[in-house]
Amino acid sequence: MLRFENVGLRYGSGPEVLRDVSFTLEPASFTFLTGASGAGKTTLLRLMILANPPTRGLITLFGHDLATSPRSAFPAIRRRIGVVFQDFRLLDHLSAFDNVALPLRLAGHKASAYAHDVEELLGWVGLGDRLDARPATLSGGEQQRVAIARAVVGRPDLLVADEPTGNVDAEIGQRLIRLFGELNRLGTTVLIATHDRSLIERGRAREMRLVDGRLVEMRTPKS
Amino acid sequence: MKRSPPASILPREAGAAPLDVVIGVMALLAALALGASLIADRAAQSWRAGLAGRMTVQVLPPEHGAAEPSLTDETNSALAILRATPGIIRAAPLSDAQAAKLVEPWLGSGAVVAALPLPRLIDVTLLPGTQVDIAALSAKLARAAPDSVLDDHSRWIARLGALADAVELCAYGILTLIAIATASTVAFATRAGLEAHHDIVALLHQMGARSGTIARAFERHYLISALAAAATGAGFAAALFIAAGGLEFAGVEPVPFLPPLVLKPWELAWLLAVPLGAGAIAWATARISVLAALRRIY
Chain Z
40 MLRFENVGLR YGSGPEVLRD VSFTLEPASF TFLTGASGAG KTTLLRLMIL ANPPTRGLIT
100 LFGHDLATSP RSAFPAIRRR IGVVFQDFRL LDHLSAFDNV ALPLRLAGHK ASAYAHDVEE
160 LLGWVGLGDR LDARPATLSG GEQQRVAIAR AVVGRPDLLV ADEPTGNVDA EIGQRLIRLF
220 GELNRLGTTV LIATHDRSLI ERGRAREMRL VDGRLVEMRT PKS
Chain V
254 MKRSPPASIL PREAGAAPLD VVIGVMALLA ALALGASLIA DRAAQSWRAG LAGRMTVQVL
314 PPEHGAAEPS LTDETNSALA ILRATPGIIR AAPLSDAQAA KLVEPWLGSG AVVAALPLPR
374 LIDVTLLPGT QVDIAALSAK LARAAPDSVL DDHSRWIARL GALADAVELC AYGILTLIAI
434 ATASTVAFAT RAGLEAHHDI VALLHQMGAR SGTIARAFER HYLISALAAA ATGAGFAAAL
494 FIAAGGLEFA GVEPVPFLPP LVLKPWELAW LLAVPLGAGA IAWATARISV LAALRRIY
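Chains as they are written, first to last, in this note's numbering: chain Z, 40 to 262; chain V, 254 to 551.
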């Protein structure tokens, strides 16, 4: 599914922010990525979602070696990834419904084909009565749920989420994790970057820990 | 519940208003320049056509005490020769009143002027497309009417032609400069708008949208914006030209020798080129800029 081999990244002529990172995410696995602020979690996520190229090392995603794959193959690869950004990145001029539907629209689906799925998903994340609300009128937690719904609406093969429960209360947080778990059971590989230890403990998933740009620990829960 | 069609991927944000105003104003100027060049072109053609195919014969009054033939006899002789010349379809003398009218702007209309020995003028019209042997005709006239002078307006036509060419050249030069300025403004404004939407480009790219899909969203957005803004500017220019035509009906005297600042309906249709051009520039700029921006993103 996803393999990093001795991956390193530096911005410009600065120091390496990721060093010799190697790991594999198996298909349909569920993994938490942890580490202190500045450890490189977001940078590592950006490499996974093809937002940046590594400065060294090899990344293989869905069987594609990204170093040798043509750029023209990247859009199709990216469409197989769902991303929950830490800053949500919702389009302010679109309603919650249109924001969630955006990946399907970009993939060429007709509105009549996806309208029911989008409404159902927004209902699942507790926003069934806010379909037409603009992001500016939603609370931080509601915006986060819209961002999550947008990331999962296309049933991605890989779901990458950066602090997806950072702005929601415990109950909604649990509900979102259940949503991720449901997707995972359906075959989606899930990777969640988080500081929330309680989430990790309850999640009973594999944990990768980053310290100063290095992957120092891979912990698999006891069954 | 039936949902309304999905909104455009790009917002009609407040920042678009200045862009529309700039494109509208530049389109107005471009349309005015285009209209002015059409009027200059028409005026130049009219000046040329007005003198081409015409000649004037002046029969000067005999010097005081000179022997006959008299002015009238010489005029009649000249008329006979002119009317017998192939290619001349009309030769008519101007009456004394018409001649006095011609000198009135310079000499006035008093009794003194009436007593002046004015030359007789014969207005000659040629069959369109006919060449008359001017030298031979002049020689014939000189024999029959020694005080006559044939003027085929060639010097005047040449000077007027040069003036018309200069006016046309200036008009097209100004039109070209305004077209370049309009194109640059539309391109610059479109690029500025794209900069403001860079985050959206990056997000769509991250979601796996193909470069062509993203470019099409921007092309359509800026094409419609530029078309609407430029159509408003060009429409305003057309209204000004139509209003200028109304001045004549309102009794405003036209300026002598200058053409009326009015466009004929088919000339007004040329103003459609302005919004179409602005739209094409915005479309191409948006496409080139978005594709260039996407090439810079991994």
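Bear in mind the hints are in silico, worked out from the structure with no lab data behind them.
Backbone N, C-alpha and C define an ideal beta-carbon position, used for all residues, glycine too.
Just so you know, not all the hints are guaranteed correct.
Some chain V residues flagged as far from chain Z (calculated, every beta-carbon gap over 10 Å) [stated by the list, open to error]:
| # | residue |
| --- | --- |
| 1 | G303 |
| 2 | R307 |
| 3 | P314 |
| 4 | T378 |
| 5 | L428 |
| 6 | M460 |
| 7 | A462 |
| 8 | R463 |
| 9 | L480 |
| 10 | A481 |
| 11 | A522 |
| 12 | I541 |
| 13 | S542 |
Computed spacing ranges between beta-carbons, pair by pair [stated by the list, open to error]:
| # | chain 1 | residue 1 | chain 2 | residue 2 | range |
| --- | --- | --- | --- | --- | --- |
| 14 | V | A449 | Z | N91 | 43 to 53 Å |
| 15 | V | R549 | Z | S52 | 36 to 46 Å |
| 16 | V | V274 | Z | A209 | 49 to 59 Å |
| 17 | Z | T107 | V | A526 | 45 to 55 Å |
Going down the list of hints, with the structure as the test:
no., hint, in the structure
1, G303, "holds (60 Å)"
2, R307, "holds (67 Å)"
3, P314, "holds (86 Å)"
4, T378, "holds (70 Å)"
5, L428, "holds (38 Å)"
6, M460, "violated (5 Å)"
7, A462, "violated (4 Å)"
8, R463, "violated (5 Å)"
9, L480, "holds (21 Å)"
10, A481, "holds (18 Å)"
11, A522, "holds (37 Å)"
12, I541, "holds (18 Å)"
13, S542, "holds (19 Å)"
14, V/A449 <-> Z/N91: 43 to 53 Å, "violated (23 Å)"
15, V/R549 <-> Z/S52: 36 to 46 Å, "violated (19 Å)"
16, V/V274 <-> Z/A209: 49 to 59 Å, "holds (51 Å)"
17, Z/T107 <-> V/A526: 45 to 55 Å, "holds (49 Å)"
Of the numbered hints given earlier, the model fails hints 6, 7, 8, 14, 15; all others are met.
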